[in-house]
Amino acid sequence: MPMMLRSAFAIFKRDFKKFLSNPFIIMMTLLMPIMYLVIFGNAMGGTITHIPVGVVQEVPPYNDTPLFTSAAYQLNHIDQTDAEKMLDVTVYADEAAAKQDLDNGKLSAVIVFPSSVSNDNAVRVYLDSSDSITPALVEAAVNQVMLGLGAHNPVLVDKIYGDIKYIQFFSVGVIMMAIFSATMFGGGIALIKDRENGIHEGYLVTPIKRSSIIMGIILSGTVRAFIAGCTIFWIDLLITGIILQSFQDFLLVLLVILIACIGVTSLVVSFASRFATQQEYASVIAFLNMVLFMTSGAFYPVIGMPGWLSWITIINPEYYGIHALRSIILRNQGFNVIGNDLIALLIFSTAMIILGIVTFRRTLE
Amino acid sequence: MHLFGHEKDPVPDGKNHNGTLNRPEGVLYSTPVESEGGEQADGTAIIRIDHLSKVFTGKTKNVIAVNDVSFEVMRGEIFGLLGANGAGKSTLIRILTTLLSPTSGQAFVDNYDILKDPEKIREIIGVCAQNYTSDSELTAYDNLEFYGKLENVPDSILPDRIWELLKMAGLADRAYMPVGTFSGGMKRKLEIVRAFIHRPLILFLDEPTIGLDPEARREVWQQIMLLNKEHTTIILTTHYMDEAEKLCGRIAFIERGSLIALDTMENLRNLIPAGDLIEISVDHMDPLAEEAIRKINLVNAVSVVEHNVKISATNGSRVIPAILAAFEQYAIPIISISIHSPSLEDIFIYLTGKGLDSGNGDGNETPGTGRRRSP
Chain A
1 MPMMLRSAFA IFKRDFKKFL SNPFIIMMTL LMPIMYLVIF GNAMGGTITH IPVGVVQEVP
61 PYNDTPLFTS AAYQLNHIDQ TDAEKMLDVT VYADEAAAKQ DLDNGKLSAV IVFPSSVSND
121 NAVRVYLDSS DSITPALVEA AVNQVMLGLG AHNPVLVDKI YGDIKYIQFF SVGVIMMAIF
181 SATMFGGGIA LIKDRENGIH EGYLVTPIKR SSIIMGIILS GTVRAFIAGC TIFWIDLLIT
241 GIILQSFQDF LLVLLVILIA CIGVTSLVVS FASRFATQQE YASVIAFLNM VLFMTSGAFY
301 PVIGMPGWLS WITIINPEYY GIHALRSIIL RNQGFNVIGN DLIALLIFST AMIILGIVTF
361 RRTLE
Chain B
366 MHLFGHEKDP VPDGKNHNGT LNRPEGVLYS TPVESEGGEQ ADGTAIIRID HLSKVFTGKT
426 KNVIAVNDVS FEVMRGEIFG LLGANGAGKS TLIRILTTLL SPTSGQAFVD NYDILKDPEK
486 IREIIGVCAQ NYTSDSELTA YDNLEFYGKL ENVPDSILPD RIWELLKMAG LADRAYMPVG
546 TFSGGMKRKL EIVRAFIHRP LILFLDEPTI GLDPEARREV WQQIMLLNKE HTTIILTTHY
606 MDEAEKLCGR IAFIERGSLI ALDTMENLRN LIPAGDLIEI SVDHMDPLAE EAIRKINLVN
666 AVSVVEHNVK ISATNGSRVI PAILAAFEQY AIPIISISIH SPSLEDIFIY LTGKGLDSGN
726 GDGNETPGTG RRRSP
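Sequences listed follow chains A and B, in order. Residue numbers for the first sequence, in the numbering used here: 1 to 365. Residue numbers for the second sequence, in the numbering used here: 366 to 740.
Hints should not be assumed to be uniformly reliable.
[Claimed, not checked] Under the rule of at most 27 Å between Cα atoms (straight-line distance), these lysine-lysine pairs were calculated in the DSSO-like manner:
# : chain 1 : residue 1 : chain 2 : residue 2
1 : A       : Lys209    : B       : Lys485
2 : A       : Lys106    : A       : Lys165
3 : B       : Lys426    : A       : Lys18
[Said to hold, decoys possible] Output of the computed footprint for chain B on chain A, the stretches with three or more beta carbons under 8 Å from beta carbons of chain B:
# : stretch
4 : 196 to 209
5 : 357 to 365
[To be verified] Among the chain B residues that face chain A by a calculated CB cut under 10 Å, a handful are:
#  : residue
6  : Arg459
7  : Leu464
8  : Leu465
9  : Ser466
10 : Lys485
11 : Ile486
12 : Arg487
In short, the hints are calculated from the structure, not lab data. Computed from a prediction, not measured in an experiment: that's the story for all the values here. Don't be surprised by glycine CBs; every beta carbon is placed ideally from N, CA and C.
Bound conformation, chain B alone (with noise of 0.2 Å):
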């Protein structure tokens, strides 16, 4: 199936663009697998966005915050946002969610048009808002209550409804206390569970678990898991790479407001030519040895420095045994071997040429990018 057929064409309307923004040449795409993220996907859209762009004009200089992008999302999936802070996530999110309407292109949720149906999109959505959109006034279950009015949940069921969110929110013994009082980590479970308080046929969480602890991040994936084996379509927006890596079927990577890829962890992890990374520690190298290795087949790249040999392989864990068995050869004792697939962060580097927490290309790094590591 087709995606996204971008064939270079010229920015939509072409209001306001000048054209500075560095775009690649094409975009990275493929068709969906259905994958970890995506148990539920059945292989139709049910977010079908085309050449949407979206300019905010300021008095000295505009900001094309959405840049002609084209992509659909799958009906049951967990669909990844990924990109840096202002990279254009919650603007597009906001333009999904009739929050914003887009300069240009167009967009449909579940086959309504963003700008003629918004009514009947606010139906069918669950919003979880990147700022808090509690009121900090009410109690935990007021703020449901609130909610589950507008939402239109039954009266007769809404009660208990409300009492199975506190419960999953971990916030019951909180419920009648004002949502001011609570921490940043409760605030935000309560947004998260609001949000899905009428079992919304598509799910928007922008930055769900941004200033979560990890033991809340996991119990929030696992959420968002069960929820989506319960056929709810989710979209989320985060610049966690363990995140999207751990939930997201396909994950898009967003840079300043274009799309510069789109697949699978599968897929995008076999963009980086120089595939794995093993290490390995040794007491010393034997020239000969290293001249073996770099024959293996797969082998793409072997450098020694001092006591450290490191190889890149397109499929490191299938390579280790010929490799342990050229060291064996040549009677060379091992003191550690580790392999490093390529993290989401690797690939948005390679993509992007910087950090993914950097920002502004100031290539600070920031704790809780998670690198996956396999001993």
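One chain only, chain A, in its complex shape (with noise of 0.2 Å):
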């Protein structure tokens, strides 16, 4: 019995030891959790605000009637309690080009209001029903500023784009999710693998740049990562019952996998050209999976987010593609709304890609 014990510590020991000298894996340990409460909690949780609205009145008359003046005032200052206001109201004195815009993602809805206080004229609200939570709050908003005003107008809704379930917005952050989980175990960990078994000293030595290794493997973690991803766009398709509306749209989406695959496996290469085992890589890429994934809008719109966590969409790659794949498969929007999106992950990837070969080590050193 005391040799069994005296074994056990043993192993206890040494296991503890290692864990002990590598500090980095201890603050990652803490890290984590700390950053779910923070992260997590501030992007699902958050209170939705400045959601942009158009307001257009009916015409004629051609000037604006006291309806329609103290609606468009009101919704523009619904306060809500520990939070800023809730709509961003724009006026349009022109109905199709409100309607323009929330065709173009630029309004989340246009509201139409009738030239006079009637049973008959209904006010319209156009809704972009592609996002989960804020139809059903402009809707709320709408409703409750007819009341204060004591107009009885019926609300007439329009979602544009049908009735969209969570699980069709949802499906549409999963396809970059597998993306990513696929450039965790492809993008880069052979580089890493290397380091740790010492094979790249063998091909260090030959005369191989250092761009050609960073590239090779990114082109490698891209494929994979299209593979996942397309994979997962069919399975989504079969599951949650989305109907592309052409076959254009469809090629169209596979473009965007394929630029949202460049982009997300450049940024976990150019963290595998540094790192020097497989743990310390995992425990980063996790933890990025984890704050991209997060800020990327995939559960929940990036409105609802506080404005410095809304910051890191900017550098996020996921809430471009996100964006662009949601424009294509729930909108179908074409080029004119995600070529923004397309730009920005090119760019993104080509930072990233520069990032990896400069940090990339061509010594042992």
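Combine both chains into one complex, guided by the hints.
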């Protein structure tokens, strides 16, 4: 019995020594739950603020009616406890222009007010129903304002993309998650394995350039991620019942998945180019995955995040990927809407590829 | 030609050196001689190392892996770097193959500065590292193909070249098996042939025959000699004495990061003042005979322990007739006779005061250090 305890203690001691000798892992162990608290808590539970809506008055008359003026004013000043105002109201003179902006994703809703207070003239609310949260909020806000003004006009709601279930909203995010998971195990881990096993010593003495090593590994990771992304896309279609509007949309989805794969893979590889052990790499990538996925808008609209957190979305390739995919899959939008996402992804990829090449160690030091 | 003017200069830059190493007073050196191992040596330097030092900085203490080393390797020779485990051989090789940068000093490989032109150097060298660097998940063929492409072997000749190398390594029937299933010796042979897939100008072999059986070692040696005949300069590190003796034109002894001797085998042997050891067994010994032998020219010392006469002579084989004549003269019948030329190990022990395989000087002799005995 004492012998058994002694050996058990030896095993304990060995393992604990290794644990203590790696402060990085200790730090990541503690950082992970803290970041979950801060990011998950804020990204998911945040109060939605500053929803962009457009208001238009039916013509004639060509001058603003008191109903329109006060409704627009009140909508723009809906206070929320412990948060900033709910809606950002833009006044449009032309209904067509407002709807154009709604179609292009610049607005979450367009509210068309009738010329007078009456039971016959309805307030028409056009909602971007591809979002999971904002339609209900806008609808409630309009009803509240109308009630407050004592106007009993009926409110007609038009969900311009039909009824989109949460699973359909979320499924697009899962495509991005598939891409990230694939790169976690594929992108660049080969470089770290080589380093751990000392295999890299073999090819570092050949004339191969750093850029070739990084580009090669990114290429391989991109193909793997692309296969994963496309597979999940197919499964999404089967499970969630999303119907693509055209074959062109299908091709566009593949293009976005491909560019998103390049972006995410180059990000992961730029980390792999520096790490020496798989353990360190895995802990950082798991952390990164969490932060990027939470802030990508996959679960919850980005609009609900506090200001500081939504800044992360600006440098988050997953945000652009998900935005572009949702635009095509749920909203049937085209290049005019996703163009900026693609440009952002390509800029991001280029920066990460350069970072990966520059930080890659060409020597054993 | 002056190889390395070692004028007891201070350690370059004085970085992190605490001077606790007990270096021998001077380094023994000589001019290169065209000898067995260096058939193609043409007398111009292909590698120049100038006061090279490498210090690894650790948390608690710094380790001086290479300590102010200077020497040259001649074009076309087989150059041996000999030293115990941890002597700094591999670090030196890694600096020359652009894997590590020196702490101070300079080195040139085919006139390219290791710090300024590493890309150029990588194009002309082939390296067989000490540890396995083949991908164990890939097949032997795939590994060679991968390196063939990295080394810019043209696609038109690559498949033929791969098969040639696989046959050379005796691995043709295993070409499509994952390297992970290979024995240690098979892996090593694959590593060696891989190192010269692109017919490099200079071949670095770090402990090439470690873990190989005697037959495989001989095959590797033949291969090395063959490559050398094709004008490849070869630098090999080893702690096997017989390997260095068999292959190398010139041999550099490295001890605790410092160069302690560099010369041809022939000249190194002459370093030992005692020369060859001649052992003669007899039934009885006559003191007069002992005296007579002592007087023979070239004989340095004679000692008699019971039935064994031990004679140390500067040139053993040449003195034998005179010694035999002395025994004849005093009518002493000889039972057996043997000459023991000093081996590299003897020279090493003479220079460092310890055995080569002993690592930190615990004096354990491991098998595999060939002692040269001639009957």
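Consistency of the hints with the structure:
Proposed proximity of A/Lys209 and B/Lys485 is supported: the alpha carbons are some 12 Å apart, at most 27 Å. Among the hinted pairs, A/Lys106 with A/Lys165 is consistent with the structure: their alpha-carbon atoms are about 22 Å apart, no more than 27 Å. This hinted pair checks out: B/Lys426 and A/Lys18 have alpha carbons roughly 21 Å apart, not beyond 27 Å. Only when three residues or more bring their CB closer than 8 Å to a CB of chain B does the claim for the stretch 196 to 209 of chain A stand; here the count is 12, and the claim holds.
For the stretch 357 to 365 of chain A, the proposed coverage by chain B is satisfied: 4 residues have a C-beta within less than 8 Å of a C-beta in that chain, meeting the threshold of three. Nearest Cβ of chain A to the Cβ of B/Arg459: about 6 Å, under the 10 Å cut. The hint holds. Checking B/Leu464 against chain A by beta carbon gives a least distance of about 5 Å; that is within 10 Å, so the hint holds. For B/Leu465, the interface hint holds, the least distance from its beta-carbon to any beta-carbon of chain A being 6 Å, beneath 10 Å.
The closest approach between the C-beta of B/Ser466 and any C-beta of chain A is roughly 7 Å, which is under the 10 Å cut-off, so the hint is satisfied. Here the hint on B/Lys485 is kept, as its CB sits about 9 Å from the closest CB of chain A, short of 10 Å. Taken as an interface hint, B/Ile486 checks out: its beta carbon lies about 9 Å from the nearest beta carbon of chain A, inside 10 Å. Hint status for B/Arg487 relative to chain A: holds, with the closest Cβ pair at about 5 Å, below 10 Å.
Violated hints for the displayed structure: none, as all numbered hints are satisfied.
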